[in-house]
Amino acid sequence: MTTSHTAIHVENLTRDFGKVRALDGLSLDVPAGIIFGFLGPNGAGKTTTLNLLLGLLEPTAGHAVVLGFDTRTQADEVRARSGALLEHPGLYEQLSAEDNLEFYGRVYRLPPAERRGRIKELLTHMGLWERRRDSAGKWSKGMKQKLALARALLHRPALIFLDEPTAGLDVQAAVAVRDDLSSLAAREGVTVFLTTHNMTEAEKLCGRVAVIRQGKLVAVGHPDELRARSGTPHVEIVGRGFHEQALALLRARPEVASAEVHNGRLVIELHQETEAAPLVSLLVSAGAQVEEVRHGKASLEEVFLTLMEEEK
Amino acid sequence: MIADILTVMWKEWKEFLTRRGRTRGTILTLLVLLAPFSIFFPLQMGRDWVESPVALGFALWMPLFLVPGVVADSFAGERERHTLETLLASRLSDRAILFGKTGAAVIYGWGLTLAATLLALITVNVSFRGGELLLYPPAISLGIAVSSLLTAWLAAGIGVLVSLRASSVRQAQQSMSIAMMLLLFVPVFGVQALPDEWRAHLAVILTAVNVTMAVLGAAVLVVALDVGLLAGAMMRFRRARLVLG
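Those protein sequences? They're chains V and R, same order as listed.
Residue 125 in my numbering sits at position 125 of the first sequence, and the numbers go up by one each step.
Each position in the second sequence, counted from 1, maps to that position plus 1000 in my numbering.
One chain only, chain V, in its complex shape (with noise of 0.2 Å):
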C-alpha cells in the first residue's frame, strides 16, 4: 500500500504483449513529492510502466497502487488524481491554445472563474499567454510540449505521469521545458514520474532514479548514489611538487586508495566520496603546489552505460 509519503507502489509488476514480456517483475516505490526519473533505452518498458500506472492496460501479474488505488481496480480514481503528457503532446491542432485548456479544465470539472485563472496562471508562467487564441497547430514543438505540460498541470494533480517531454525538441526548447517542469514542481508540491532515456535531464531533475533494462528493474536511488555505486571515486589534482614523499603521506590516509601521478596530475584514488580537503592541506604541508582541484565522479550517463553493459 502507499503510504502519505509514498506516491506510487509496484509489486511485481508484469506484462507480457503475447509471447513477448514487456515488463517483467518491476518492484519499486516512489515517494510523494520528488521528481522520480524512469530510465531505460528504447524498448526497455517504460511507456508499458506508465500505461499500466494509469491504468490503461491491465498487468500479466503483480500489482500497482498509485496515490492509494489500485490500479488494475480503482482506475479512474488514479486517472481523477494524475496528469498526463504522453509519448505525444495530444494537443487539438486545430483548436486555440486556450480552448485545449478550457476542455481539460472542464474535463477535470474545475469552476469556471478557477478554470480560467488557472490557464491564465500557467500560460502566464510559460509565457504563452499572448498567443493563447493561436490553433495550437501553428505552434512550434517546444510551445506545443509547454501547453501540454500545463494542461498536465491544470487541475492541480497530486501526481503527473511524463513520457520523455523533451525528446525531439531542440537544445532550448528542451531547457524551457525542463525549467518550466522544475519549477512548476517546485512551486505546486506534486510528484512527477517522468520516463525518460535523456541522462543529462535526469541528473538535473530527479532526486531519485530507477533504472530498466528489457523490462526488468536494474538499479534504483538517489542520482549520487547511483554514481557512487558505479566507477571508483577519485580526485584530480593539477600543480608541482608532488613527490614520493608526499604521495607515501597521502597513502598512509585510511581513505585513500591509491594515489599515482599521470602526465603532471595526481590522480587520488578513494575508497569512498570524502572531502578532498585535508588532502590537498597534506600536499601542501609536504611542499606541493596546488593549482587546481577536480572530484571525479561518475556521470549519470556513465552509470547508465555501465547498468547496461553489466546486464548483458
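Think of the hints as simulated: they come from the structure by calculation, not from any bench.
A few of these clues could be false.
The following label-pair restraints were derived from C-beta to C-beta distances [to be verified]:
(1) R:L1017 with V:H125: 21 to 31 Å
(2) R:A1231 with V:Q74: 24 to 34 Å
(3) R:I1178 with V:H197: 42 to 52 Å
(4) R:A1035 with V:P111: 57 to 67 Å
(5) V:T60 with R:M1234: 23 to 33 Å
We treat Cβ as the ideally placed atom computed from N, Cα and C, and that holds for glycine.
Dock chain R against chain V, hints included.
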C-alpha cells in the same frame, strides 16, 4: 456523467467547426443537401410538400448523409492525430467519451434535418401562401422529429463502431460510405429483385397493414437497432485495446 457527456460534445463541435479546410467543404455539403430538400422540392411540390408525408421521407433519409462525415472522425481521427491516448488517460469514463461522441454526431444530423424541414416550410409559405399559415400536420411533425432522430442515431451508432475499428479517418469514411449505401439501396433494389409473385404478395400485406402500426413497428425496430449498435460500441470500447491501437 451528463456534464462529462456535454463536455465531450462541446469539444467535438468546437473541433468540427474549426477543422482546417473544413469550412468551405461543410458549406458546400450543406448547400448540396439543403438546397434540394429545403428549396427545390418544396417549390416544385407547393402545398403538397406540407400536406403529404413526403417531407417525412426526406427527414428519414437526410441524417444518413449528414452524420457519417462527422462520426467517422470520432475515434479514428483522434487516433490518427495522437490525441486519443491523452483523452483516455483523463478522468472521463468510457461511457462519457462514447456517448459524448455519439451524441455530438446525432445532434448535428438531427438538428440540421429539423432546421432544413423548417426552412422547407418557410419556402412553401413564402411561395404558396393563400392567406393562411401552412404547417405540417401534427402527425407528420412528430414523425419528422422522431424518425430523423432515430436515423441520425442509427448512422451515428454504425459510425462509432466503424470509427472504433478503423485505423484512419479515410478507412472509416470508406467503410461508412459502404454501410450507408447498403442501408439505403439494399431495401430498394432488394424489393425490385424479388420475383413478381413475391412482390404482389408483399403489396397485399402492405395494403392490408395498419399504417400507424407499421410505422410504430418500424420505429421500434430502428430503436432496437440503435440500442444494439450502442451496446456493441460499449462492448468494443476498451481502453487497453484503443491504447494499443
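To see whether the hints hold, each was checked on the structure:
{"no.": "1", "hint": "R:L1017 with V:H125: 21 to 31 Å", "in the structure": "holds, 30 Å"}
{"no.": "2", "hint": "R:A1231 with V:Q74: 24 to 34 Å", "in the structure": "holds, 25 Å"}
{"no.": "3", "hint": "R:I1178 with V:H197: 42 to 52 Å", "in the structure": "holds, 44 Å"}
{"no.": "4", "hint": "R:A1035 with V:P111: 57 to 67 Å", "in the structure": "violated, 44 Å"}
{"no.": "5", "hint": "V:T60 with R:M1234: 23 to 33 Å", "in the structure": "holds, 25 Å"}
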